[in-house]
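Novice: So the chains spell out like this:
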Amino acid sequence: MDNFSYTILIPALPLAMFLLIGLTGHKFKALVYGIVGTASLGIITILSYITAISYFWGTEKVEEAFQTIIPFNFEWLNFTETLQIKMGVLLDPISVMMLVVITTVSFAVHLYSIGYMKGEIGFSRFFSFLSLFSFSMIGLVLATNIFQMYIFWELVGVSSFLLIGYYYEKPSAVAASKKAFIVTRFADFGFLIGILILSYFTGTFDFETLTNPESSPVASFVGTSFLGISVISWALMLIFIGGAGKSAMFPLHIWLPDAMEGPTPVSALIHAATMVVAGVYLVARMFVVYHLWAPDVQEIIAWIGGFTSLFAAIIAVTQYDIKRVLAFSTLSQIGYMMLALGVSGYGEHEGVGYMASMFHLFTHAMFKALLFLGAGSIIHAVHSNYMYDMGGLRKYLPITHITFLIACLTISGVPFLSGFYSKDEILVAAFEHNKILFAIEFIVAGITAFYMFRLYFNIFWGEEKEYHHTPHESPLVMTIPLMILAFGSIFAGYLPFSHLVTSDKMPFDTHIEWAIAIPSILIGFAGIAVAWVMYKKKTNIPDKMAAFFGGFYKTVYNKFYIDEIYLFVTKKILFNIVSRSIAWFDRHIVDGSMNGIANVIYFSSKKIKGLQSGQLQQYGAVFIAGALGLLLFVIYLVS
Amino acid sequence: MNFQDLLLIKHELLLTIAALIILCFEIFSTDKNKGMVVPLSAISLAFIAAVSFYFPSEGTAFGGMFQTDGLRTAVKLILDIATIIIILQSYGWVTKEDNKNKISEFYIILFSTLIGMNFMISSGDFLMLYLGLELATIPIATLAAFDRYKTKSAEAGIKLILSSALSTGILLYGLSMIYATTGSIYFEEVRAAFQPSPLAVLGMIFFITGMGFKLSLVPFHLWAADVYEGSPIAVTSYLSVVSKGAAAFIFTYVLYTVFSVASEIWLQVIVLLSIVTMTIGNLFAMRQKNMKRFLAFSSIAQAGFLLLGILGQGSLGMGTVIFFLLVYVFTNLAAFSVVATISDKTGKENIDDYNGLYKTNPKLSLVLMLSLFSLAGIPPVAGFFGKLFLFNAMASKGYFIVLFIALINATISLYYYLLPIRAMFIMKNENPIDTFKSNVYIKIGLTVSVAGIFLTGIISMIYEYLISVSVGL
Chain A
2 MDNFSYTILI
12 PALPLAMFLL
22 IGLTGHKFKA
32 LVYGIVGTAS
42 LGIITILSYI
52 TAISYFWGTE
62 KVEEAFQTII
72 PFNFEWLNFT
82 ETLQIKMGVL
92 LDPISVMMLV
102 VITTVSFAVH
112 LYSIGYMKGE
122 IGFSRFFSFL
132 SLFSFSMIGL
142 VLATNIFQMY
152 IFWELVGVSS
162 FLLIGYYYEK
172 PSAVAASKKA
182 FIVTRFADFG
192 FLIGILILSY
202 FTGTFDFETL
212 TNPESSPVAS
222 FVGTSFLGIS
232 VISWALMLIF
242 IGGAGKSAMF
252 PLHIWLPDAM
262 EGPTPVSALI
272 HAATMVVAGV
282 YLVARMFVVY
292 HLWAPDVQEI
302 IAWIGGFTSL
312 FAAIIAVTQY
322 DIKRVLAFST
332 LSQIGYMMLA
342 LGVSGYGEHE
352 GVGYMASMFH
362 LFTHAMFKAL
372 LFLGAGSIIH
382 AVHSNYMYDM
392 GGLRKYLPIT
402 HITFLIACLT
412 ISGVPFLSGF
422 YSKDEILVAA
432 FEHNKILFAI
442 EFIVAGITAF
452 YMFRLYFNIF
462 WGEEKEYHHT
472 PHESPLVMTI
482 PLMILAFGSI
492 FAGYLPFSHL
502 VTSDKMPFDT
512 HIEWAIAIPS
522 ILIGFAGIAV
532 AWVMYKKKTN
542 IPDKMAAFFG
552 GFYKTVYNKF
562 YIDEIYLFVT
572 KKILFNIVSR
582 SIAWFDRHIV
592 DGSMNGIANV
602 IYFSSKKIKG
612 LQSGQLQQYG
622 AVFIAGALGL
632 LLFVIYLVS
Chain B
91 MNFQDLLLIK
101 HELLLTIAAL
111 IILCFEIFST
121 DKNKGMVVPL
131 SAISLAFIAA
141 VSFYFPSEGT
151 AFGGMFQTDG
161 LRTAVKLILD
171 IATIIIILQS
181 YGWVTKEDNK
191 NKISEFYIIL
201 FSTLIGMNFM
211 ISSGDFLMLY
221 LGLELATIPI
231 ATLAAFDRYK
241 TKSAEAGIKL
251 ILSSALSTGI
261 LLYGLSMIYA
271 TTGSIYFEEV
281 RAAFQPSPLA
291 VLGMIFFITG
301 MGFKLSLVPF
311 HLWAADVYEG
321 SPIAVTSYLS
331 VVSKGAAAFI
341 FTYVLYTVFS
351 VASEIWLQVI
361 VLLSIVTMTI
371 GNLFAMRQKN
381 MKRFLAFSSI
391 AQAGFLLLGI
401 LGQGSLGMGT
411 VIFFLLVYVF
421 TNLAAFSVVA
431 TISDKTGKEN
441 IDDYNGLYKT
451 NPKLSLVLML
461 SLFSLAGIPP
471 VAGFFGKLFL
481 FNAMASKGYF
491 IVLFIALINA
501 TISLYYYLLP
511 IRAMFIMKNE
521 NPIDTFKSNV
531 YIKIGLTVSV
541 AGIFLTGIIS
551 MIYEYLISVS
561 VGL
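Quick note, the sequences are listed as chains A and B, same order.
Under our numbering, the first residue of the first sequence carries the number 2, and numbering increases by one thereafter.
Under our numbering, the first residue of the second sequence carries the number 91, and numbering increases by one thereafter.
Some clues are possibly wrong.
Unchecked claim - The list that follows gives simulated cross-link-like pairs (lysine-lysine, DSS-like), each with its CA atoms no further than 27 Å apart:
1. B:Lys124 / B:Lys487
2. B:Lys453 / A:Lys171
3. B:Lys435 / B:Lys487
4. B:Lys240 / A:Lys30
5. B:Lys438 / A:Lys28
6. B:Lys518 / A:Lys179
7. B:Lys190 / B:Lys449
8. B:Lys453 / A:Lys30
9. A:Lys180 / B:Lys240
10. B:Lys449 / B:Lys518
11. A:Lys87 / A:Lys506
12. B:Lys449 / A:Lys119
13. B:Lys242 / A:Lys28
14. B:Lys487 / B:Lys186
15. B:Lys122 / A:Lys179
16. A:Lys171 / B:Lys240
17. B:Lys533 / B:Lys435
18. B:Lys453 / B:Lys435
19. B:Lys487 / B:Lys122
20. B:Lys190 / A:Lys171
21. B:Lys124 / B:Lys527
22. B:Lys192 / A:Lys171
23. B:Lys240 / B:Lys186
24. B:Lys453 / A:Lys28
25. A:Lys179 / A:Lys30
26. A:Lys506 / A:Lys396
27. B:Lys186 / B:Lys122
28. B:Lys518 / B:Lys240
29. A:Lys87 / B:Lys487
30. B:Lys449 / A:Lys180
31. A:Lys179 / B:Lys124
32. B:Lys527 / A:Lys180
33. B:Lys527 / B:Lys438
34. B:Lys379 / B:Lys192
35. B:Lys192 / B:Lys527
36. B:Lys190 / A:Lys28
37. A:Lys119 / B:Lys518
38. B:Lys379 / A:Lys179
Hints listed in this document are in silico derivations from the structure and should not be mistaken for laboratory results.
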């Protein structure tokens with residue numbers, strides 16, 4: 002049996018790269034750093050694949066269940082005899098799966114960045130930050146205990162902050178990085194309090210001990226309550242707030258769209274495929290605890306996930322910046338994953354939601370990273386983020402076009418591509434648990450297909466815009482990652498996920514529920530069709546105009562009429578009433594309340610300024626008053 | 091008195107001898123080699139620290155007035171390290187033209203105050219505590235006014251001596267009440283006889299008030315900002331690190347031992363003071379434009395956090411407080427050293443002046459960034475662990491609501507700690523501070539601080555050691 006001692010290299014190598022690139026700085030040519038960074042990522046990608054293959058197919062199972070393997074666990078800090086902080090490597094189905102996701106996407110992004118970031122100032126800085134991120138993210142998923150996870154969680158936040166603010170000459174990038182950092186920090190404080198409460202009661206940080214359904218110390222504290230709610234629910238809710246911050250769940254999602262100010266490869270790696278799903282991973286890691294001892298919190302997770310997915314999908318329809326469309330789409334898809342965890346049961350087929358969530362995480366990482374890298378390639382070609390500056394690009398960017406189309410089809414749930422399988426499982430899980438949530442997700446599936454194809458048609462079809470210079474396809478170093486990810490997007494769905502990653506680590510059989518799959522396929526196609534009619538044909542107006550003057554009056558009249566209806570329905574009703582109001586709510590209420598807190602603090606600090614006058618007499622008076630105040634306080638205490 | 095007693099006070103004795111050696115050096119030195127007093131002081135202090143580290147002593151002397159053990163030695167060592175860094179950092183300022191003829195005086199006075207702190211730490215009765223406190227405070231006032239040709243510095247000296255007179259008056263008044271109710275000034279005897287009668291509790295409150303002044307707790311903090319701003323930066327860092335550290339230790343110790351009977355009462359008072367101090371310190375820090383004032387208010391807020399550790403009680407509380415102090419020494423001194431260096435070279439002290447500093451002085455900017463991260467408590471630097479252990483100590487006694495308030499404050503503080511970082515790394519400046527080279531002493535000081543910022547958190551032995559020497563409280 003394999004002892005997996007080589008897995009320590011998977012986090013160690015990116016750390017070494019970070020130090021190497023960070024310390025040598027500008028000693029070598031920029032390209033050297035790109036190649037060295039990418040090569041080391043390539044090595045750990047291979048190592049991760051070896052780990053995955055030997056874990057899933059090479060290790061012995063006990064009663065068919067996968068075993069948790071801990072090749073390393075160093076004792077790092079002793080709090081008390083029972084409460085220790087350790088640093089180690091934990092291998093179980095979800096951590097191994099995450100390793101594959103992180104290294105694959107990270108490798109593709111490294112390779113892609115060599116082309117995309119060519120000639121940028123601070124090329125080596127970029128690669129050192131990427132390595133730091135990869136190290137932190139791998140450390141996070143391999144954590145053996147919740148405290149180790151927290152430490153890497155913070156490190157991930159720091160590297161995300163550094164990468165969003167990469168273009169530090171651009172004020173909007175700096176503001177975005179600050180916003181991301183502060184919002185997620187805010188959530189992380191919830192996480193930390195949650196950890197402290199949980200460890201205070203259970204006396205352990207270890208995932209192994211906490212998530213054991215038979216002997217977890219959590220079980221004995223479910224009865225202890227604080228303000229009428231079980232302390233375990235408090236702790237888990239606070240921990241979930243940490244997860245919701247990282248995964249940008251409503252109402253903590255406000256940082257993610259702004260985070261698109263970072264370089265596009267960063268958006269693909271951090272804000273689409275890996276870091277933003279850390280919250281989902283956290284809930285999955287603690288799933289047993291949530292499900293068995295805090296079902297109330299699990300219910301909340303389901304609703305937050307469902308609401309976020311609908312909310313974000315509607316906003317995505319109104320956006321013109323292609324990266325923002327993708328950002329809202331990411332929010333929406335993570336909402337799906339959260340919802341699936343929220344509705345999941347435990348064990349065998351009951352746990353289909355858990356399996357579906359992890360499955361969707363896996364496929365989403367592939368196709369969303371592909372979409373972002375494709376978007377990067379398009380932006381690279383036309384030097385604009387806005388879809389109204391684009392059109393007819395399919396001739397100029399053939400590879401980007403095909404791969405982007407594959408990703409759009411995958412996210413829309415077109416049969417036999419990977420997204421179809423994972424989304425179908427989520428819909429099945431939702432259907433079995435809660436019909437309202439199922440209905441929401443069903444509608445979201447349609448909206449998703451619509452906005453993705455709105456994007457697609459606007460970019461690749463329609464009227465050609467005036468470009469400064471003829472757009473040209475990106476170099477091979479950028480298109481190869483696209484092809485790798487397109488391959489993943491198509492075929493990832495054929496992995497037997499229900500045999501590999503399940504709630505109780507026992508394999509079970511699934512099949513496609515055609516009763517649910519067919520309607521969802523249909524609504525997906527309906528979304529695509531609507532986008533087709535509205536955006537492909539609308540931009541064909543120049544051709545149609547010729548026909549118009551040819552005398553086909555009536556047809557054109559009807560066409561015009563239909564266009565008007567579409568225009569009315571989408572622009573006036575859908576855009577204005579629904580989306581605008583949600584966007585307004587987002588901007589004024591959610592952002593506003595955050596700003597409000599800041600204003601209150603600033604205002605009160607201004608008010609008390611007078612206290613610091615420089616007058617010594619006054620200081621003396623305040624001093625005596627303070628002493629007397631303390632005295633009064635104590636008298637009040639004693640009496 | 092016998093020879094054994096002298097051995098017990100060897101740390102203080104050696105410090106006195108070192109001060110005398112510096113005095114002699116001053117007499118025999120020429121104008122050219124005057125600057126050599128800096129390495130001389132630093133090395134002799136390092137030597138003293140090494141002696142007390144390798145030959146620790148334990149016991150009481152002078153009929154119980156003086157006591158020493160592993161815990162006190164640890165605290166003294168921390169203060170020694172801090173003072174060494176301050177000595178190294180002061181080089182640039184002390185060798186300026188204006189100070190040329192009084193270089194050695196600075197170090198002699200610095201050593202005298204350190205002796206006072208040491209006696210205060212080792213005190214076994216209230217008289218020794220009081221004497222140590224005064225021996226420490228009065229020389230500091232002269233140091234605060236060291237730049238006497240500057241109005242602000244003179245003002246700082248006067249403000250410090252007057253307000254500390256007020257606070258020691260109140261402290262002494264409180265001690266007299268304690269003596270009146272218990273009939274003794276020895277810690278052990280007071281502890282045994284202490285009853286929470288109204289007069290005794292009043293005495294305790296006055297004691298807390300007097301120490302609150304030293305720790306610059308709100309509302310006894312108003313002197314701090316003016317004095318910190320006016321004093322030379324070396325003195326400011328000494329006041330905010332060493333002086334505060336010594337006071338924090340003896341304050342915690344007296345509360346835990348002498349006033350242990352009345353813990354119900356003082357725990358509540360500490361909760362109140364810490365919440366007020368953190369919050370007010372943060373609110374003021376947010377508005378500051380001058381780096382020295384900024385760090386002054388940040389250190390007020392940090393004192394509020396420090397009080398939280400006291401809530402941990404017992405060896406956990408004491409160990410945590412001292413660990414926080416250790417972290418704070420490295421963190422704050424790194425920040426002060428950078429500010430001092432820039433101020434010496436250019437005279438600029440405002441946050442706006444730091445715009446674009448990263449372009450011209452990347453290393454200094456990185457050091458300042460690290461120390462601000464540590465003050466804000468961002469992992470994996472030491473400041474994070476300092477705060478974490480505080481929170482953990484407090485949570486272990488069930489103070490969840492205070493914990494929540496502390497976390498909110500920590501979040502607020504994150505905002506203003508990012509302001510100088512933004513200035514250095516992000517803001518553009520037409521005329522940034524010129525690139526300059528720092529001298530070797532400052533480089534050593536900064537290296538030690540940065541190593542401390544990285545290592546104290548990660549080497550878990552340190553925390554465990556501090557907890558172990560605190561056992562028995």
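Novice: Each hint: holds or not?
Specialist: Going down the list of hints, with the structure as the test:
| no. | hint | result |
| --- | --- | --- |
| 1 | B:Lys124 / B:Lys487 | violated, 54 Å |
| 2 | B:Lys453 / A:Lys171 | holds, 23 Å |
| 3 | B:Lys435 / B:Lys487 | violated, 48 Å |
| 4 | B:Lys240 / A:Lys30 | violated, 51 Å |
| 5 | B:Lys438 / A:Lys28 | violated, 33 Å |
| 6 | B:Lys518 / A:Lys179 | holds, 17 Å |
| 7 | B:Lys190 / B:Lys449 | violated, 33 Å |
| 8 | B:Lys453 / A:Lys30 | holds, 22 Å |
| 9 | A:Lys180 / B:Lys240 | violated, 42 Å |
| 10 | B:Lys449 / B:Lys518 | holds, 10 Å |
| 11 | A:Lys87 / A:Lys506 | holds, 24 Å |
| 12 | B:Lys449 / A:Lys119 | holds, 22 Å |
| 13 | B:Lys242 / A:Lys28 | violated, 47 Å |
| 14 | B:Lys487 / B:Lys186 | violated, 51 Å |
| 15 | B:Lys122 / A:Lys179 | violated, 50 Å |
| 16 | A:Lys171 / B:Lys240 | violated, 41 Å |
| 17 | B:Lys533 / B:Lys435 | holds, 14 Å |
| 18 | B:Lys453 / B:Lys435 | holds, 15 Å |
| 19 | B:Lys487 / B:Lys122 | violated, 59 Å |
| 20 | B:Lys190 / A:Lys171 | violated, 47 Å |
| 21 | B:Lys124 / B:Lys527 | holds, 21 Å |
| 22 | B:Lys192 / A:Lys171 | violated, 49 Å |
| 23 | B:Lys240 / B:Lys186 | holds, 14 Å |
| 24 | B:Lys453 / A:Lys28 | holds, 17 Å |
| 25 | A:Lys179 / A:Lys30 | violated, 31 Å |
| 26 | A:Lys506 / A:Lys396 | violated, 48 Å |
| 27 | B:Lys186 / B:Lys122 | holds, 13 Å |
| 28 | B:Lys518 / B:Lys240 | violated, 32 Å |
| 29 | A:Lys87 / B:Lys487 | holds, 23 Å |
| 30 | B:Lys449 / A:Lys180 | holds, 24 Å |
| 31 | A:Lys179 / B:Lys124 | violated, 48 Å |
| 32 | B:Lys527 / A:Lys180 | violated, 35 Å |
| 33 | B:Lys527 / B:Lys438 | holds, 16 Å |
| 34 | B:Lys379 / B:Lys192 | violated, 31 Å |
| 35 | B:Lys192 / B:Lys527 | holds, 25 Å |
| 36 | B:Lys190 / A:Lys28 | violated, 42 Å |
| 37 | A:Lys119 / B:Lys518 | holds, 25 Å |
| 38 | B:Lys379 / A:Lys179 | holds, 20 Å |
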